[in-house]
Amino acid sequence: MGRDTSNVSLARRAYAIRRNALLMGEVQGQGYIGQALGAADVLAVSYFHALNYRADDPKWEGRDRFLLSIGHYAIALYAAMIEAGILPDAEIETYGMDDSRMPMSGMAAYTPGMEITGGSLGHGLGIAVGMALGLKRKNNPAFVYNMMSDGELGEGSTWEAVMSGVQWKLDNLIAIVDFNDQQADGKTTDALAQVPEAGRWEGFGWFAQEIDGNDMDVLVAAFDAARAHPDPVPRVIICQTKMCKGVPFLEDREITHFVRVEPDEWARALTILDEDRPDE
Amino acid sequence: MNDASLSRRKSKYTPRTVPVSEDGSKLTTSAMIASLDAEGRETVAAPFGHALVDLAKTRDDIVGLTADLSKYTDLHVFAKAYPDRFYQMGMAEQVMISAAAGLAREGFTPFATTYAVFASRRAYDFICMAIAEENLPVKIVCALPGLTTGYGPSHQATDDIAIMRAMPNLTVLDPCDATEIDQVTRAIADHPGPVYMRLLRGNVPDVLGEYGYKFKLGKAQMIRDGRDVLFVSSGFMTMRVLDAAKRLQADGVDCAVLHVPTIKPLDLETIAAEAAKGGRLVVTAENHSITGGLGEAVAAALMRAGVHVPFRQIALPDAFLDAGALPTLHDQYGISVDAVTASVKAWL
Numbered sequence: 001m002g003r004d005t006s007n008v009s010l011a012r013r014a015y016a017i018r019r020n021a022l023l024m025g026e027v028q029g030q031g032y033i034g035q036a037l038g039a040a041d042v043l044a045v046s047y048f049h050a051l052n053y054r055a056d057d058p059k060w061e062g063r064d065r066f067l068l069s070i071g072h073y074a075i076a077l078y079a080a081m082i083e084a085g086i087l088p089d090a091e092i093e094t095y096g097m098d099d100s101r102m103p104m105s106g107m108a109a110y111t112p113g114m115e116i117t118g119g120s121l122g123h124g125l126g127i128a129v130g131m132a133l134g135l136k137r138k139n140n141p142a143f144v145y146n147m148m149s150d151g152e153l154g155e156g157s158t159w160e161a162v163m164s165g166v167q168w169k170l171d172n173l174i175a176i177v178d179f180n181d182q183q184a185d186g187k188t189t190d191a192l193a194q195v196p197e198a199g200r201w202e203g204f205g206w207f208a209q210e211i212d213g214n215d216m217d218v219l220v221a222a223f224d225a226a227r228a229h230p231d232p233v234p235r236v237i238i239c240q241t242k243m244c245k246g247v248p249f250l251e252d253r254e255i256t257h258f259v260r261v262e263p264d265e266w267a268r269a270l271t272i273l274d275e276d277r278p279d280e
Numbered sequence: 001m002n003d004a005s006l007s008r009r010k011s012k013y014t015p016r017t018v019p020v021s022e023d024g025s026k027l028t029t030s031a032m033i034a035s036l037d038a039e040g041r042e043t044v045a046a047p048f049g050h051a052l053v054d055l056a057k058t059r060d061d062i063v064g065l066t067a068d069l070s071k072y073t074d075l076h077v078f079a080k081a082y083p084d085r086f087y088q089m090g091m092a093e094q095v096m097i098s099a100a101a102g103l104a105r106e107g108f109t110p111f112a113t114t115y116a117v118f119a120s121r122r123a124y125d126f127i128c129m130a131i132a133e134e135n136l137p138v139k140i141v142c143a144l145p146g147l148t149t150g151y152g153p154s155h156q157a158t159d160d161i162a163i164m165r166a167m168p169n170l171t172v173l174d175p176c177d178a179t180e181i182d183q184v185t186r187a188i189a190d191h192p193g194p195v196y197m198r199l200l201r202g203n204v205p206d207v208l209g210e211y212g213y214k215f216k217l218g219k220a221q222m223i224r225d226g227r228d229v230l231f232v233s234s235g236f237m238t239m240r241v242l243d244a245a246k247r248l249q250a251d252g253v254d255c256a257v258l259h260v261p262t263i264k265p266l267d268l269e270t271i272a273a274e275a276a277k278g279g280r281l282v283v284t285a286e287n288h289s290i291t292g293g294l295g296e297a298v299a300a301a302l303m304r305a306g307v308h309v310p311f312r313q314i315a316l317p318d319a320f321l322d323a324g325a326l327p328t329l330h331d332q333y334g335i336s337v338d339a340v341t342a343s344v345k346a347w348l
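Sequences listed follow chains A and B, in order.
Numbering of the first sequence is given in the numbering used here, commencing with residue 1 and proceeding in unit increments.
Numbering of the second sequence is given in the numbering used here, commencing with residue 1 and proceeding in unit increments.
Note that these hints are calculated values from the structure, not bench results.
Among these hints, one or two may not hold up.
[Claimed, not checked] If you anchor each label on the Cβ, the simulated ranges turn out as follows:
1. B:Ser154 x A:Met163: 43 to 51 Å
2. A:Gly85 x B:Met222: 42 to 50 Å
3. B:Asp60 x A:Phe249: 31 to 39 Å
4. A:Gly156 x B:Asp318: 50 to 58 Å
5. B:Arg304 x A:Ala109: 28 to 36 Å
[Unchecked claim] Mimicking EDC-like on lysine to aspartate or glutamate, the simulated pairs with C-alpha atoms at most 16 Å apart in a straight line are:
6. A:Lys136 x B:Asp60
7. B:Lys219 x B:Asp254
8. B:Lys277 x B:Glu296
9. B:Lys277 x B:Asp228
10. B:Lys80 x B:Asp54
11. A:Lys136 x B:Asp267
12. A:Lys138 x B:Asp68
13. B:Lys219 x B:Glu274
14. A:Lys138 x B:Asp54
15. B:Lys246 x B:Glu274
16. A:Lys169 x B:Asp267
17. B:Lys57 x B:Asp68
18. A:Lys136 x A:Asp64
19. B:Lys246 x B:Asp267
20. A:Lys138 x B:Asp84
21. A:Lys136 x B:Asp61
Only a predicted model underlies this, so the values are computations on that prediction, with no experimental measurement involved.
Built from N, CA and C at the ideal position, the CB exists for glycine as well.
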C-alpha cells in the first residue's frame, strides 16, 4: 500500500492504537499499557505517515524496516500493526495467550511485521546499524527506524551503535527515542538519561531533534525533517512523551513503568478514551 | 595485601633461571602460535583468511567484520582482497555482533572476528539474542582459543566452549590445523545457522593432511585406530595426542585418536560406538578448562548412552592461568606432548 493515503486522521489512528492496546491489556489484566498509551502518537505517525510498507506482505523487500528494540512495548506495536492491517483484529483476544502470535515481549519469530527480537535492552540500534549497512550494500533506498527507550540510553552498546552509525554515514538510519522519563526503578533522568538529551547525540554527529512526542503536528514535521535531512549522518528523534497519555486517571498514577490497573478500570479507561474519540 | 593474596597466582613460585629452548634461545611470552607445533612441521599462512577470499570469489553474500583485530584473526587477507566487503567496526564487540546480525537479516553471510575471550565474554548477550535466538547465519571466528597466548587470563579463553556450548542453535567448532581450518571455513559458509569457530591464526601447522582426513560438519572421525587407549580430542590437542600416540607406540601402548572438531552438535553416535568397543581407556583431550568443555560433554554422552568405561580428562585446570611462555605453560598445565604422554602412562 505504500505510505498511508487514506483520509483517516492521524489523531483517529492514535486513538485506535490506544484502544487496541487497552483491549489487549484487559485480556491479560496487565501489560505495559502506560508505554503503549504514551507512544501511540509516535506509532501513529510512524505507521500512517512515515513508513513505507505493504500490510499484506510484511517481508516486502522495499519496506522501511521498523525495529522495536524495547520488547516490552510489544503491546503498543501490535496495537499499531492491527490498525495498519498487518495483524487481524480478531487476534486481540489472544494477546499473551499460549500459542498466540502476540507474546508479551516482542519476538521476530512469532509475529508478522516484528523485525527483531527485542527485550534485552540496548540491542536494537546496533542491529539497525547492520541492516542500514546491508540496505546500502543492496542499493535499497529504504530507511531503518529503531524505536528505543530512554532507559536504553544507559546501555553502553547503544553508544557503540551511535558512534558506528556516524562512522558509516548512515543517512538511512532513524532512531526514535521514546523519552517518558520512566524506567523500572524510577526516573531515567535520575539515572543515565538527561534533559535535554539531543546534545549528546549531536556531539557524536547525529542530526538530532528533541520534540513533544504527543503533538501530532510536531511529530509529522520531525519525521519529515529526519527523512529529508541532507547531510550523510544518522538521525534521531527524541520524543518526550507522557506515560498513559489519553487516560487521565492513569496518567496521574505515581509509579508508571509497570502501571497497575484494577480489573474494573480497563472498561473505565476505554470509556474515557471513547468520550474523546477524534473524527476520522 | 597479605601474603596469601600475593601468592595466589604463583603458589609454587621459586626463583628460577631463564628458561631456554633446545636451540638455546630464551623462551618468551611472544613465542605464541609457532610454538604450538613440533619443530620442523609444515605450516600454512593464514588458512582462514585465504579460504574466505577464495569463497568470496563466488559468494557475493560474504562480508567480513572485525573489532580492531583483522591482523590478529587473519581477516586482513580478506580486507585487502575485498575492501568494500570489509567492515572495520572499531574496538566495539557489541555493535560488531549486532551489526553482523543486521547484515544477516538483509541476506548477507557475515564472518565476524575477534578474540575468543571478547566474543564469549563481552558480546555474549548479543550473540545469544541477536544471532542465535534468531538462527541467523553469522559466523563468529575467534582467535586465541584456550591457552594459546601467554598474556594471562584477559586473553586466555579457557572457558569459551563452556560458555558457547550452552547457547541453543549455535554450532561450536574447534578445528585442529591448517587443512581443517580451510575446510571448516568453506563448510560453515554453506551452513544455514550461526557458528562459533575457534581459530588458529598466522602460520598454522598442517597435520591432518597426511592422514587423508576431510572435515565433515557434525562428525567425529577416527584419525588412527588402537587397542589400549581411545583419545577423544578437539582443536590442536588432536595434533598433541597424535604425537603422543607415536611416542606411546614406541612403549608398546596402542592408541586410537577420535577427532571431534564439532563440539556442538556432538557426534554422540560415533563417540559412544567407539567407547563401547571396550578394553580401552577413554581419554578426552582439549585446550579448554576441565569444566564444561569437550571432556564433560563426552562424559555425559557416554553416561546417557549407558557406556561405562574407564575415563580420564586432559584439560586445563578450573583456574585463572599464569602468564608466561606457551611451551612452559603447556607443560605446566598438562597439555604438551610430554605431559600427555606422561599422564597416559601413569593412568595405564
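Going through the hints against the structure:
1. B:Ser154 x A:Met163: 43 to 51 Å: violated, 23 Å
2. A:Gly85 x B:Met222: 42 to 50 Å: violated, 59 Å
3. B:Asp60 x A:Phe249: 31 to 39 Å: violated, 57 Å
4. A:Gly156 x B:Asp318: 50 to 58 Å: Because 29 Å falls outside the window, the suggested range is violated.
5. B:Arg304 x A:Ala109: 28 to 36 Å: Given range 28 to 36 Å: holds, Cβ gap about 29 Å.
6. A:Lys136 x B:Asp60: holds, 14 Å
7. B:Lys219 x B:Asp254: Measuring from Cα to Cα gives roughly 23 Å; hence the hint is violated.
8. B:Lys277 x B:Glu296: violated, 20 Å
9. B:Lys277 x B:Asp228: holds, 11 Å
10. B:Lys80 x B:Asp54: holds, 13 Å
11. A:Lys136 x B:Asp267: Roughly 41 Å between the alpha carbons, so the hint for Lys136 of chain A and Asp267 of chain B is violated.
12. A:Lys138 x B:Asp68: Violated. Lys138 of chain A to Asp68 of chain B sits at ~25 Å, over the 16 Å cutoff.
13. B:Lys219 x B:Glu274: holds, 13 Å
14. A:Lys138 x B:Asp54: Roughly 22 Å between the alpha carbons, so the hint for Lys138 of chain A and Asp54 of chain B is violated.
15. B:Lys246 x B:Glu274: violated, 20 Å
16. A:Lys169 x B:Asp267: Cα-Cα ~46 Å, so violated.
17. B:Lys57 x B:Asp68: violated, 24 Å
18. A:Lys136 x A:Asp64: With a Cα-Cα distance of about 13 Å, the restraint between Lys136 of chain A and Asp64 of chain A holds, given a limit of 16 Å.
19. B:Lys246 x B:Asp267: Distance ~26 Å between Lys246 of chain B and Asp267 of chain B Cα, so the pair is violated.
20. A:Lys138 x B:Asp84: Given that 16 Å is the threshold and the Cα spacing comes to 13 Å, the pair holds.
21. A:Lys136 x B:Asp61: Measuring from Cα to Cα gives roughly 13 Å; hence the hint holds.
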